[in-house]
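Chemist: What follows is the residue order along each chain.
Number of protein chains: 2
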Amino acid sequence: MTLIVQDVLDALAAQASGGTAGCGADQLLFGDAGQAVSGIAVTFIASQQVLEQAVSLGANLVISHEGIFYSHHHDGGRDKAHVGQVHAAKKQYIAEHGLAVYRFHDGLHRQQPDGFMEGLLQELDWEAFVVEHLPAASIVELPSRTGLEIAAHVKARLGIGSLRAVGDLSAQCQRVGLLAGYRGGGALAIPLFERYKLDLILYGEGPEWETPEYVRDAIRFGAAKSLLVLGHLESEQPGMKLLADRLSQLFAAVPVHYVDVDSVFDLV
Amino acid sequence: MTLIVQDVLDALAAQASGGTAGCGADQLLFGDAGQAVSGIAVTFIASQQVLEQAVSLGANLVISHEGIFYSHHHDGGRDKAHVGQVHAAKKQYIAEHGLAVYRFHDGLHRQQPDGFMEGLLQELDWEAFVVEHLPAASIVELPSRTGLEIAAHVKARLGIGSLRAVGDLSAQCQRVGLLAGYRGGGALAIPLFERYKLDLILYGEGPEWETPEYVRDAIRFGAAKSLLVLGHLESEQPGMKLLADRLSQLFAAVPVHYVDVDSVFDLV
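Residue numbers (the working numbering), protein chains in the order written: chain A, 499 to 766; chain B, 499 to 766.
A couple of the hints might just be wrong.
[As the list claims (entries may be wrong)] Straight line, CA to CA, 25 Å or less: simulated BS3-like cross-link-like pairs of lysine-lysine: (1) B/K739 x A/K695; (2) A/K589 x B/K695; (3) B/K653 x B/K589; (4) A/K653 x A/K739.
[Said to hold, decoys possible] Computed, partial: chain A to chain B, Cβ under 7 Å: (5) D505; (6) Q551; (7) V553; (8) G556; (9) Q590; (10) Y694; (11) E711; (12) S761.
Worth flagging that the hints you see were computed from the coordinates, not collected in a lab.
Just so you know, these numbers come straight off a predicted model, no measurement behind them.
From the three backbone atoms N, C-alpha and C, an ideal C-beta is built for every residue, glycine too.
Whenever a hint applies, use it, and build me the whole structure from the sequences.
Modeler: Here it is, written out as structure tokens:
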């Protein structure tokens, strides 16, 4: 029996706790729900390079966590001001190659535990150390090691060249909080430090003047707290890799590819 | 005649185009408007270390661009969830030392041109190259040089150790867009690339999945565009330095100190 796009969307909805109804971001952006699927490419963000890789792999359904037009909102959001030449060229490429593109954002976050957290914990090999899953964070208790040792482990496991850090990384850390994606803001991260007596937080992305400045002040008052910033992409890619594994078990009839995306930044 | 806090607040309001009425963020957070001013400390963010420096300099009025409790909103914003031990210790330090703390955020942005842009352009020595001031960005046209040469200039002038970059920095750049602070989002920055035919944008901070991903795709389509991310603090400090210079000219009777803040991040 031919696999169609809708079959895959149904499987994704079944993975989200409560389904994907009301998941505003999750939409079939291009293609048709009745279209036959030749292969699936799963990725953090369907950059132009990822789309080209999907085509060369023979996959005509691309599942992207982040929006493909440089905004959480589709087609440039409210004012559509940045719908320009690059946007148009990408749209044309998608149409010419008959690609279906599905944005799967909220649904994976809605899994319990959050699919991104699960992927990140697996990739870090920290599943055995989880003491509590909160809605937007997980608390792990590691064998005692320095912040620098943890940073080295994280870099090696996630393939990250360098991490942005705040605090005293020579201190011993045991209680660690993890937040995937753009969840590093003060309102989420700061109470974790105090309520859960955390030594260290790792998050994907967050405002620079919030949690980092809290850690700077905490250190000044003599508390041995620290922070490692993974990068948004780096913190959420493992979740998409996990999703690709799951889909490949569900759909043996078509190839399912996980397409890794390089860090968007170089350091100069 | 004794200088009081209100005199300084009046001078700051006079610098903002249209005054500071309606500038929600700009408030006297601590201290009293009638308090005599012994000295003024002007800074990007009144970290605990900055407060201690102000005290040791004999300054009892601190002017901070960013909120001093790790949030754009005062006292932790809506849910006040992160009003914890560090917050309390800082509040106690301020009270014990009789400090007045004024948040000056929107007012300096309201200057024409934006005070942060003016400070940044001065610090980069690019004032002579401005071709247009937009409400939230400025366009400069530099003598042709590579993106890497521009990065080296920016690092040296602003004292930044390394910059996050996207794109081909070996390409020649002339038309450059500058955005200070958290103005790197796609809705603001992406249209500038296309409308103003920019080769390069420099911004303070912005969402990682927006403008950086746009530049990555633009490069894939053969456009020679690039991006340099300065850091929020690094992009706005020069504006506070400029403000300190202006205040020291206005108030000869008390010392006005500009207190520089180190980058909040280390690289590990």
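Chemist: Give a verdict on every hint.
Modeler: Hints and how they fare:
no. : hint            : result
1   : B/K739 x A/K695 : 37 Å, violated
2   : A/K589 x B/K695 : 21 Å, holds
3   : B/K653 x B/K589 : 35 Å, violated
4   : A/K653 x A/K739 : 17 Å, holds
5   : D505            : 28 Å, violated
6   : Q551            : 11 Å, violated
7   : V553            : 13 Å, violated
8   : G556            : 20 Å, violated
9   : Q590            : 10 Å, violated
10  : Y694            : 12 Å, violated
11  : E711            : 5 Å, holds
12  : S761            : 9 Å, violated
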